[in-house]
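S.K.: If you read the protein sequences in the order shown, they are chains A and B. Residues are numbered in the working numbering as their position in the first sequence, beginning at 1, plus a constant of 15. Residues are numbered in the working numbering as their position in the second sequence, beginning at 1, plus a constant of 5.
For the record, the hints were derived by calculation from the structure and aren't laboratory data. Each residue gets a CB set at the ideal place from its N, CA and C atoms; glycine is no exception. Some clues are possibly wrong.
Said to hold, decoys possible - What follows is a set of in silico ranges between Cβ atoms, one per label pair, in the way DEER data are often shown:
#1 Asn193(B) x Thr574(A): 38 to 44 Å
#2 Val477(A) x Thr235(B): 51 to 57 Å
#3 Asn193(B) x Leu432(A): 40 to 46 Å
#4 Leu295(B) x Gly458(A): 52 to 58 Å
#5 Met70(B) x Thr291(A): 32 to 38 Å
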Amino acid sequence: MSRRNLRVLQAAALVATGALALSACGSSGGTNNNTKPNTASDYSYGTIPAASSNVVPGGTLHIAEDVGAQPNWIMPLTPAANSSVYDQYQFQYLSWRSLFWSPKGSTPDWDYSRSMTDSKPTVSADGKTFTIKLNGKYTWSDGQKVTSKDVLFWYYEYKAAVKESPANMGNYTPGQFPDNVTAVSAPDDQTVTFTFNQVLNPDWVLGTEFAQIVPMPAHAWAKSSDNGSMLDYTQPANAKAIYDYLSAASKKLDTYQTNPLWQVVDGPYKISMYNTSTGAANFVANKNYTGEGKPNIAEIDELAYTSPTAEFNDLQSGKLDFGYVKSDNYPQLGKLKSNGYVVYGLPSFGFNFSYFNFKNTTGGWDKAISQLYVRQAFAHLQDQDAEIKGVFKGLAAPAYGPLGVVPKSPYTPASALTNPFPFSVDSAKQLLTSHGWTVVPNGTTTCTSPGTAANQCGAGIVKGQNLNFTMFYTSTPKSVGQMMTAFAANLKQIGINVTLKTDTFNNIVTNESVVSTPKNDNNWGMADFGGFTESIYPSTINLFNTGGSYNQGGFSDPTLDKLIQNSMTSTDSNALKNEITAVDADLPGLFQPNEDRVYAWSPKLSGSTDSFAAATQFMLNPEDWYFTK
Amino acid sequence: MSETNTPAVSTETETETARGVDVSVTIESPAAPEPAAPAVSDAGDLQSSTAAWKLTLSEFLKNKMAVAGVAILVFFILFCWLGPVFYHSNQETTDLLNTDGAPGAGHPLGTDSNGFDIIGRIMIGGQTSLWIGFAAAVIATVIGTLWGAVAGLLGGLIDATLMRIVDILLSLPFLLVVLIISQRYGANTWGLIIILGVFSWLVPARLIRGEVLTLKVRDFVSAARVMGGTNTRLIFRHLIPNAMGTVIVNITFQIADAILALAALGYLNFGVRYPNTDWGSQLGDAQSNLSNGYWWEVFPVGIALVLVVMAFNFIGDGLRDAVDVRLRKR
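For reference, chain A alone in the conformation it holds in the complex (with noise of 0.2 Å):
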């Protein structure tokens, strides 16, 4: 998932993480852990020391790849299925940097200090042109700046991707960026303007169309071949071409090491290594590195694991300086804590979540799962408090839509900070039975009032239909299938039988999607990978959108498509307001508790506060690490 800004997939990581949430608490042992942790107001958990001055420079960190989302596309413009938080922000951002660069540390804001300009664009008196200036601070690893063309470079190269298969981007909404471009010019080497088919938000521009630029170096890959000369990519013939190619090399996981094009960088690191059997990856330090920070550690290591116990046993015995805790091993925090490692944990911006599919036809469930009715009643069975506490052991913040309760956003509107669907067995029961079902605890409920009256079951809904339904989630962390376990059980009370199904985090992302494989369609019902992450103009334009390139379970509603649109094209503060406020009570999904993410680091590792806060929002930020005597 990609788009900084816009909402990338969270992966598991959100997801489950929640189930990271683990707790602090805990004693380790032998006890019950349903304590509430020594969580701030912020929810957030531990403190983040101060950087040390003590800088020895080199060395190897050791860091850990989120299980069973390895990194497995390079080039940074990346296809839905291979859209992750982990590939792109821990993998990709290591050597491709983004124009714009958020958060800043943990705040959801803009950090233009390691952005490639200073502000934010102008626009231009009719509200459609914005300018980018960019401020000459970034040179590719070869030597040559990083300049306009670089940005147009990756402009054609978008335009040439998404037209070939809209799935070759993962943030792309047919009609939005680039389709809503009609002019792109490179006055100078330092600016570039855009020029769009309407009068656009700027904030809305900013968060969701500029964040996803991430500069390509032209003069060295605007070819079609190994050996090529170099083309004008601004034909789209040659864009084409170029993005074939490129597109080609990324796929050969076994050449990442040894393909030239990944050698041109302008982060503070390059890839030297790529197992294509586990997905680890190493990086050595980019010398020529000219952005913000620096890259005193002199190798990177992402190591790959099968499991978080295992990746919280490399985290004990010292083989890891910087990894997660996730939910599972929570009750022993207190041992890392002993050991000297230092502990932190915030909820990021963002939401978890578990998705309906709209476009199953088996037995009717998208007739009655497009019933608002019904996603209220289903969401009345989802405890949350009882999530938080036990489940995530109190390292968890409520979040009843998009935007949760923390972390604070300008944009969350007043009603996003209550429950509107409090957990309540006989208030799902009652939703049911007053338009026509038959409910059965622990049996099956059925409709025995078809129709399309008040008091009926809704439009297509058969007599006889049932609401039994298959749900795929993921199947790390554990947190994950601690809460489809329980909302399964609470679906039987009201004679809802649910098939659970586990799989991959990158699995799910692909196969329970109506948009990468409407094949599945009528194979699942719900699913559950994680989440997303947020933009810093959270709208959830391509989330929730009719043919949102990330609405994976299909909802449509013209209602909320309005809003959204407003939400994109107004300039009133409350557009976006209105449309988070639309989600929370259209419910598209259920919406999860945001657990904290949290992360565990060695004594000998110090840095900025911000780039340690950075990490629970899914950013890595080697260049600002270093060792310590």
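Fit chain B to the supplied structure of chain A, relying on the hints for placement.
M.R.: Below, chain B without anything else, positioned relative to chain A:
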């Protein structure tokens, strides 16, 4: 009783008249009685099948480990199926406010990560594990017995083909194949029974083939063939009954193996899902649970699994010793 080269169930001799020719043969099949004829032993005293059965039972009961195995198995069968009648626990509704609870009042062995009572969980998990183990073993044994008998009896190209198929399938990593199939088709009780059963018949097939190869050259088989017995009749009336000792012994080990395979699947998160459970699934989080100090989520179910598998192995050993005349004097 004549001593044989195979673990025959029993031996008896009789004279059979076929096509007008008096043929004296040795028949090793209490389960395949031929038309009554005067019993004239050419290899020892005549012994009734009932006596053989009693002898087998007697030998089995002399094996203390086997008897202990039976006792353990009976205990767990009663524990799993009758236990829930006397020990009530809610195994359908999770209790997230009481997850990972240590043993104490109300939950003598604590609760698991979903808040389910551990003792009740072991009971219903045991039902699933034992049922899947038994059913999968029966399927594997039936397939393997028929496959091996056909291969052994027919011989030649058919035998070579059938056994090369077995060789090829044996070369595939069993767990990997089962994992892929269970992932593709889902892990429910019947699915796992079929998956484990269909991929566990290879060893029985080899065993039975070997048994049939020794049986088919015996006089009673030749006699049956000379009398016009079809291959089907030979297999079902003569060969399989005479190999039943091997089959029965093997099935006990098959059950143990199936339970262990199911445990492995469950441990790897491919076991049955809510509302069902099995012992392997309960052990699935053993690694983190143990390091977290939640011993009650690992040891009780782990001990139950070990004891049941051990019991089947004891029983299998006992049966083997009891039915194999060469081993009875040990």
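S.K.: All hints are to be evaluated individually against the structure, with a verdict given for each.
M.R.: How the hints compare with the structure:
1. Asn193(B) x Thr574(A): 38 to 44 Å: holds (40 Å)
2. Val477(A) x Thr235(B): 51 to 57 Å: holds (54 Å)
3. Asn193(B) x Leu432(A): 40 to 46 Å: Since the Cβ atoms of Asn193(B) and Leu432(A) sit about 41 Å apart, the hinted range of 40 to 46 Å holds.
4. Leu295(B) x Gly458(A): 52 to 58 Å: violated (38 Å)
5. Met70(B) x Thr291(A): 32 to 38 Å: violated (50 Å)
The earlier numbered hints that this structure contradicts are 4, 5.
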